[in-house]
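Throw the hints in and build the complete structure from the sequences for me.
For the protein sequence lines, the chains are A and B, in the order given.
If you're matching positions, the first sequence starts at 335 in the numbering used here and goes up one per residue.
If you're matching positions, the second sequence starts at 335 in the numbering used here and goes up one per residue.
These are computed hints drawn from the structure, not numbers from a lab.
Do not rely on the hints blindly, as some may be mistaken.
No copy is singled out in the list; a pair is fine if it fits within one copy or between any two copies.
To be verified - Keeping only pairs whose Cα atoms sit at most 20 Å apart, straight-line, the calculated EDC-like set for lysine to aspartate or glutamate is:
1) Lys474 - Glu448
2) Lys414 - Glu396
3) Lys401 - Glu418
4) Lys342 - Glu361
5) Lys477 - Glu448
6) Lys472 - Glu448
7) Lys354 - Asp343
8) Lys474 - Asp453
Protein chains: 2
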Amino acid sequence: MSGKDTYKDLLKTGNLKSTKHRNALLETLEQSGLPLTAEELFLRLKEKNVSISLSTVYRILETLVDKGFVIRSQLATGNKALYELSHKDHHHHLHCVRCRQIFPVDGCPLEDYEQLLADRFGFTVTGHNLEVFGYCEKCKDHKQDG
Amino acid sequence: MSGKDTYKDLLKTGNLKSTKHRNALLETLEQSGLPLTAEELFLRLKEKNVSISLSTVYRILETLVDKGFVIRSQLATGNKALYELSHKDHHHHLHCVRCRQIFPVDGCPLEDYEQLLADRFGFTVTGHNLEVFGYCEKCKDHKQDG
DNA sequence: CTCCAAAATAAGAATCATTCGCATTTGCAT
DNA sequence: ATGCAAATGCGAATGATTCTTATTTTGGAG
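In structure tokens form, the structure reads like this:
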């Protein structure tokens, strides 16, 4: 499951060398079903005894985003960027404003909308970003607490 | 048009004092149909001969966001936050990845979706953020240029 | 109108995420 | 096995945003 070359072929399609750091980082992203910050990735890699520097984490992420293997997003409220694999099915996340948990939701309500934008404004959509905020099932009763 | 107390009543509803800085900042946001960064606001205020410090711009924006008068958003690709008035009709923006222009689009495709999230996941939506990326009409022919 | 306490602002230091520079190491084609 | 380009480590640099403290302004009470 946790081979050191698991992502060799993927990396090769981007003309990227297969290094232990890149493989471990991709594996960590894959194991986490949810988007992670650079620092979270850094810490999880350390837990796996992968010796890596934080700037390398950032550099690898930048490279993978450029190649389209990873998606970077940034919450309106947060200062840190989030990263997740892009080879999965298109989906979005629900952000609970109370417990801060993130819930993935398969599917996307925007396909028709993108066509409408093309028709009405001549805008050629290449991607989008959707964050939904609110209260998750467990927290909805505490909506007043602040 | 450009009275110094134009937003006095609005500010009062938030228990905020009516200061020249807050009025001028709100006026500047209103005059710009598009979201602005803190620094852009700072510069536009200087052009209007409003003497203000950048940290005050940030502090006022934070206050207005807390009160719900201003909406803060952050692009997945960008490092700077964007601010716009929230008393207008709900809308979204198209971001041209080539010329960097921002195009507002009235309306929102997500109303039904939010109800679906409530029904299926018990998630109580309080807000959302949608960025759409692509090529505007003028730039779409240069999609290959990079 | 004057005075006061609370709120707001200026100025710049501090913080935090992210990027950069350069010396060293590693992957991989030959 | 060898060499060179690509990748990494480490710490310094950057840039947006926040914080600290002294000073000024606002809005209400008298």
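For each hint given before, does the structure comply? Return the numbers of the non-compliant ones in rising order.
Violated hints: none; all satisfied.
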